[in-house]
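S.K.: Spelled out from the first residue to the last, the chains are:
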Amino acid sequence: MTVAPSTAEFAPVAHLSLREVNKVYPGNPPLHVLKNVTLDISPGEFVAVVGPSGSGKTTMLSIMGTLDSPTSGEVWIGGVATRRLKEMERSRLRSDQIGFIFQQFFLLPTLSALDNVATGMLYQGISKRVRRERARRALDRVGLSPRAGHRPSELSGGEQQRVAIARAIAGEPAILFADEPTGALDRSSGRRIVTYLRDVAAGGTTVVVITHDHELAALFERRVSLLDGAVVGDERLAEAAVR
Amino acid sequence: MSEKSPRAVLRTKHHLSVGDTVMTATLGPRTRMVRALLSALGIAIGIATLVAMWGIPASQEAQLLADLDAQGANLITVYPGVNQQDQSPIPIPQTAPEMVSRIRPVRHIVTMRDMRDFNVFRNDKVPASQTGGITAAIAEGDLLNTLNVAMADGRWFDKASEELPTAVLSDAAARRLRARAGSAIWAGNQWWAVIGVLNPMKLAQQLDSTVFLAPKVAAKLQPDLPISGIYVASAPHKSAAVRAVMPQTVNPADPRGVQVSQLSDAFLAQELFAEFFLILSLGMGGVALLVGGIGIANTMVVAVMERRGEVGLRRAMGARTGQIALQFVLEACVIGLGGGILGVGLGLYIVFCYTAVAQVIFAVPGWILAAGPALAIAIGAIAGLYPSLKAARQSPTEALRTV
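Respectively, the protein sequence lines represent chains G and E.
With positions in the first sequence counted from 1, the corresponding number in my numbering is that position plus 2.
With positions in the second sequence counted from 1, the corresponding number in my numbering is that position plus 362.
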């Protein structure tokens, strides 16, 4: 039984909860990528995960997003323990609850911006008409309505990432994970992307962003620092500082 | 979106609609049109080979059958044999026509009796020495159908005319006598009314300068004429069997004293040739299809490697492994289908060109139009299976990381 009773003392109260998560890649010597990571993230929080390269940020995001499973420990998402879920159940969880944004955008080159966004809901069991309707709204939210008919090659890097954001939020996920979403962008485009993500969080979606850019991380209301696979800092910044 | 996702909810699957499945499966080929086309080309060549190699012999055979029908492949001719010792003819028994007509696959029969010393002239003023090489004969039975000839003018004997001094002329005889239906000719010292003229007899050119006399009238003039020949049309493809039983049927007492015409040996030779051609073509087409299948497999392996990011993204968006596998298998099928359709078109074009040059009937078995693409799809599916499973088995993190 993996559905946590909400009244139990140890039950995660957050939307997203990690309990003593370890990730070890077998080898000689074994690679201990995540070490006893325990973290609670409440619904609607806007969190930056910072740390140098190799600190385990991406692995942590993959495990939180059920793309990978921990060697030990447990990840709870909306009250569901995910470690023992079957592949099929994880897929369903991802399609219904989780959105992803990647550094490389991963837009499909032959599809228009609108169709790319609509594709994000392909595996949610939503009719094409509704998908396109929601895609139109999501594009509007990131300010790209006028570019709906353009292909990715006709858009700037910042615009492409905004399409990717629209794709991730169009399905109204409970949690949005972004892995270095500004990594391929210049500073001002990166700042704008963070602004959009903050708006998403303001709408009630939990947003977890990985970045190695401390300056950008200062724009988040909460900053979790990773070093060598362990959480070494978890600070909440004042609202004023975020501004 | 609900706050809680009980596991029961997670166990139910979201399904892609048919339209979404098709759109997803055609995305790859649409994105890389040239590559898809090139990899479909292998299959196309294979299918085209099969279509052509099936269609060309089929066209040849259709033409051959048409030719043989026109040439009278089912026509058997029986003549009196010759006595080996004194070279005298061995007469055909008078009972022969009836016996022959009882052979089951015999469709039509006509018996010829040549009139003896019976010259035919345009009129009674022509000197008796100018016979013009025209002979007179009695034809009993169905000459028109047996020899597959039509009337050029007038008509054949009927119950009334066969008892009156009437005549039907063959093509050459009519030209030499300058006669047509309605004319009269002078034969055997009496006038005969011409009631019809035949078209040229391609199947029995030896009869083309013959004047056919009203059977009953002529038989009264020269009773007990020997049979000079029996023409028999058998059911299609039965001529060999009919021919085999012909001698003993015609003359049970002396089967060797009967001469039966030879069937065209070309027919059998052609059939053998067609069979050999078919085996050869199956081999060639098979090799082409194998190469085509490998081409598709190769394309799909490359596509899966190139599109790891897309696979990772789809997994992240919630695609199940089965959906990823299906996407790539269907994509391979789409390429196969494209190749199949292209191949059928190409094959038909080759057959068409062949038939135009060789001047034979265009004949391609209809089932091949469906079987070609179906085979191509099957090959695509087989070729795409391994790369698709490979794509599906990739862990999403791996797929996303390696881009």
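It is worth saying that the hints were derived from the structure and are not from the lab.
Certain hints may be false.
Below, in silico cross-link-like pairs of lysine-lysine (DSBU-like), each with a Cα-Cα straight-line distance of 35 Å or less [stated by the list, open to error]:
1. Lys-578/E to Lys-88/G
2. Lys-600/E to Lys-88/G
3. Lys-582/E to Lys-521/E
4. Lys-487/E to Lys-582/E
5. Lys-487/E to Lys-521/E
6. Lys-564/E to Lys-582/E
7. Lys-487/E to Lys-130/G
8. Lys-487/E to Lys-37/G
9. Lys-752/E to Lys-130/G
10. Lys-487/E to Lys-375/E
11. Lys-88/G to Lys-130/G
12. Lys-578/E to Lys-521/E
13. Lys-37/G to Lys-752/E
14. Lys-521/E to Lys-564/E
15. Lys-37/G to Lys-88/G
16. Lys-564/E to Lys-600/E
17. Lys-600/E to Lys-578/E
18. Lys-600/E to Lys-521/E
S.K.: Below or equal to 35 Å on CA atoms is what counts here, so check Lys-600/E against Lys-578/E.
M.R.: Cα-Cα ~33 Å, so holds.
S.K.: Between the alpha carbons of Lys-578/E and Lys-521/E, is the straight-line distance 35 Å or under?
M.R.: 10 Å, holds
S.K.: Is Lys-582/E close enough to Lys-521/E, meaning Cα to Cα at most 35 Å?
M.R.: 16 Å, holds
S.K.: Are the Cα positions of Lys-600/E and Lys-521/E separated by 35 Å at most?
M.R.: Given pair Lys-600/E, Lys-521/E holds - Cα atoms ~31 Å apart, limit 35 Å.
S.K.: Take a quick look at whether Lys-487/E and Lys-521/E sit within 35 Å of each other, Cα to Cα.
M.R.: 31 Å, holds
S.K.: If you draw a straight line from the CA of Lys-521/E to the CA of Lys-564/E, is it 35 Å or shorter?
M.R.: Judged against 35 Å, a Cα distance of about 27 Å means the pair holds.
S.K.: Taken at face value, is the distance from the CA of Lys-600/E to the CA of Lys-564/E at most 35 Å?
M.R.: Answer holds: Lys-564/E to Lys-600/E is near 21 Å, not above 35 Å.
S.K.: Please work out if Lys-578/E and Lys-88/G have their alpha carbons no farther apart than 35 Å.
M.R.: 98 Å, violated
S.K.: Just to be careful, I want the Cα atoms of Lys-600/E and Lys-88/G compared with a cutoff of 35 Å; is the pair within it?
M.R.: It is violated: about 69 Å lies between the C-alpha atoms, which goes past 35 Å.
S.K.: Hey, Lys-37/G versus Lys-752/E, does the alpha-carbon distance stay inside 35 Å?
M.R.: Holds, at about 31 Å.
S.K.: With the threshold set at 35 Å, check whether the alpha-carbon distance from Lys-487/E to Lys-375/E stays at or below it.
M.R.: It is violated: about 105 Å lies between the C-alpha atoms, which goes past 35 Å.
S.K.: Does Lys-582/E sit within 35 Å of Lys-487/E, going by the straight-line distance between their CA atoms?
M.R.: With Cα atoms ~25 Å apart, Lys-487/E and Lys-582/E stay inside 35 Å; holds.
Hints 1, 2, 7, 8, 10 from the earlier list are contradicted by this structure; the remaining hints agree with it.
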